[in-house]
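Please put together the full structure from these sequences, using the hints given.
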Amino acid sequence: MQASGRNQFTGNVSKVLIGAVNAEIHVSLKDGEAIVASITKESIETLGIKIGMEVVALVKAPQIIIITDFGGYRLWARNQLQGIMRPICLLACS
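Heads up: the sequence shown is residues 1 to 94, going by the UniProt record's numbering.
These are calculated hints, taken from the structure and not from any lab test.
Remember, predicted model here, so these are calculated numbers, not experimental data.
Ideal Cβ placement from N, Cα and C applies to all residues, glycine included.
Certain hints may be false.
With a straight-line cut-off of 25 Å between C-alpha atoms, the simulated SDA-like cross-links for lysine to any residue are [as the list claims (entries may be wrong)]:
| id | residue 1 | residue 2 |
| --- | --- | --- |
| 1 | LYS30 | ILE65 |
| 2 | LYS50 | MET85 |
| 3 | LYS50 | ILE65 |
| 4 | LYS60 | GLY48 |
| 5 | LYS15 | ILE64 |
| 6 | LYS30 | ILE84 |
| 7 | LYS30 | GLY71 |
| 8 | LYS30 | GLY11 |
| 9 | LYS41 | VAL16 |
Label pairs and their calculated CB-CB ranges [as the list claims (entries may be wrong)]:
| id | residue 1 | residue 2 | range |
| --- | --- | --- | --- |
| 10 | SER28 | ILE84 | 33 to 39 Å |
| 11 | GLY72 | THR40 | 32 to 38 Å |
| 12 | THR68 | ILE18 | 33 to 39 Å |
| 13 | ILE84 | ILE18 | 20 to 26 Å |
| 14 | GLU42 | ILE67 | 30 to 36 Å |
Structure representation (structure tokens):
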């Protein structure tokens, strides 16, 4: 498989909510966090998404917002993960 999304989150499907056109896939990540992906109903069928299935969520870098201190504000982003940033540079970094 080739993909341009370099941020990978592996987990298991915990819930699937199917609407008329789109669906929400709830994924329980290995560290106990959870994320929700919105895909088409057709993609659910094409990918064979089922509860308990292991999946990899790919996120393109421009879709990630990193905050060091949000001052107690409520954020609109649905998927929020807390962690520690560590530099990784395998090739020349710009």
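Index of numbered hints that the structure contradicts, given in increasing order
Numbers 2, 3, 7, 10 and 13, in rising order.
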